[in-house]
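Heads up: the protein sequence lines correspond to chains A and B, in order. When we follow the numbering used here, the leftmost residue of the first sequence carries the number 1, and every step to the right adds one. When we follow the numbering used here, the leftmost residue of the second sequence carries the number 204, and every step to the right adds one.
Mixed in with the good hints there might be a few duds.
Under 8 Å between C-beta atoms, here's a sample of chain B residues computed to sit facing chain A [what the hints assert, rightly or not]:
no. : residue
1   : Leu-342
2   : Ile-369
3   : Leu-377
4   : Leu-380
5   : Gln-395
6   : Ser-403
7   : Pro-406
Simulated from the structure, these hints should not be mistaken for laboratory data. The C-beta atom is built at its ideal place from N, Cα and C for all residues, glycine as well.
Number of protein chains: 2
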Amino acid sequence: MNSTYPTSARGPADHEVRDQILAAATEHFRHYGYAKTTVSDLAKSIGFSKAYIYKFFESKQAIGEAICATCLRQIETEVSAAVAETDLPPEKLRRMFKAYTEATLRLLFHDRKLYEIAASAATEHWPSVLAYEERIGKLLREVLQAGRQSGDFERKTPLDETATAIYLAMRPYLNPLLLQYSLDYTEDGPTQLSSLVLRSLSP
Amino acid sequence: MNSTYPTSARGPADHEVRDQILAAATEHFRHYGYAKTTVSDLAKSIGFSKAYIYKFFESKQAIGEAICATCLRQIETEVSAAVAETDLPPEKLRRMFKAYTEATLRLLFHDRKLYEIAASAATEHWPSVLAYEERIGKLLREVLQAGRQSGDFERKTPLDETATAIYLAMRPYLNPLLLQYSLDYTEDGPTQLSSLVLRSLSP
Chain A
1 MNSTYPTSAR GPADHEVRDQ ILAAATEHFR HYGYAKTTVS DLAKSIGFSK AYIYKFFESK
61 QAIGEAICAT CLRQIETEVS AAVAETDLPP EKLRRMFKAY TEATLRLLFH DRKLYEIAAS
121 AATEHWPSVL AYEERIGKLL REVLQAGRQS GDFERKTPLD ETATAIYLAM RPYLNPLLLQ
181 YSLDYTEDGP TQLSSLVLRS LSP
Chain B
204 MNSTYPTSAR GPADHEVRDQ ILAAATEHFR HYGYAKTTVS DLAKSIGFSK AYIYKFFESK
264 QAIGEAICAT CLRQIETEVS AAVAETDLPP EKLRRMFKAY TEATLRLLFH DRKLYEIAAS
324 AATEHWPSVL AYEERIGKLL REVLQAGRQS GDFERKTPLD ETATAIYLAM RPYLNPLLLQ
384 YSLDYTEDGP TQLSSLVLRS LSP
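Work out the full structure: start from the sequences and follow the hints.
In structure tokens:
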């Protein structure tokens with residue numbers, strides 16, 4: 001092969017270069033922000049040519065998307081672990097709500113510059129965000145189903161109606177755009193809303 | 204009296220001048236925005252001296268506060284009327300939530316420039332906003348009390364706990380900062396959340 005780019009035989013594999021670009025871009029965005037950075041800035045800071053970066057990512061948004069997706073996966077790993085800690089559906093629901101809030105706060109608000117990517121993602125409905133929101137809905141329905149089967153939750157209300165309403169109640173703590181205005185409530189809000197939700201689910 | 208300002212005997216009463224300044228300021232803010240306007244701009248546009256305006260309002264924020272308070276009173280008049288239309292506490296709760304959302308949308312979002320004042324007021328916790336939020340809590344507790352007395356609502360949960368949680372569920376539709384990111388949900392959200400809240404209140 002006469003490629004001028006490194007191949008697996010002569011250099012790092014594609015996924016390694018991708019990871020290298022993403023790690024460098026994450027650092028760069030942390031310091032300089034997402035909005036103000038161009039692909040040229042990134043190329044300069046990583047020491048790659050712009051053309052080389054474009055071989056792996058078609059745009060700055062594609063890089064932002066990949067960083068955002070990694071961050072959302074991290075939140076979901078924490079939430080899954082929290083939900084798996086208990087077999088009781090009401091407790092699963094409480095922990096799910098609490099873990100989403102805490103992980104989102106830590107990953108997006110601890111570092112304002114990552115918040116900026118998340119805010120763009122949420123405002124512009126990036127595919128990674130839409131998929132994330134769907135997975136939240138799926139997890140919520142699974143917990144609700146488990147509670148209906150165990151007899152902990154009522155079964156009269158259609159499952160989708162229940163899941164949608166609970167999602168709306170949780171939204172101020174899940175969506176970074178709303179969470180920025182809910183910071184005074186993150187200590188007690190999720191607990192108080194979980195209790196309200198659990199009262200609404202009692203058979 | 205040797206005042207150089209108009210007195211009730213020789214000109215408009217103080218409250219009339221105040222209202223005149225407020226009407227002109229509201230119009231001015233509508234067109235040019237709140238943040239970018241100075242008291243000098245207002246004075247020029249109304250045709251008063253800056254000193255004369257300062258006789259009635261100590262700052263631009265004091266003018267913004269008065270406009271904001273008028274707007275909040277208008278929302279509350281609509282909500283009170285909606286709540287008074289029915290004697291059934293569950294229905295009062297539904298109408299309260301719906302009326303707050305609709306009135307806030309119409310008064311603050313129909314006109315982006317009034318939204319700007321409301322957003323400053325909410326971000327900076329202006330006294331008019333704090334008082335407004337307290338009155339929302341008071342109305343909510345009254346409706347809850349009525350429902351507990353009529354037997355429509357459960358009485359086990361402490362009233363304040365119930366009221367706080369319901370307020371948190373309603374917040375994305377009451378607070379203009381959150382409402383700007385809830386516009387996709389204003390059609391069905393308040394109804395779905397009211398139903399969830401009413402399920403949580405069932406005795």
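Right, here's what the structure says about each hint:
| no. | hint | verdict |
| --- | --- | --- |
| 1 | Leu-342 | violated (18 Å) |
| 2 | Ile-369 | holds (7 Å) |
| 3 | Leu-377 | violated (11 Å) |
| 4 | Leu-380 | holds (5 Å) |
| 5 | Gln-395 | holds (4 Å) |
| 6 | Ser-403 | holds (4 Å) |
| 7 | Pro-406 | violated (11 Å) |
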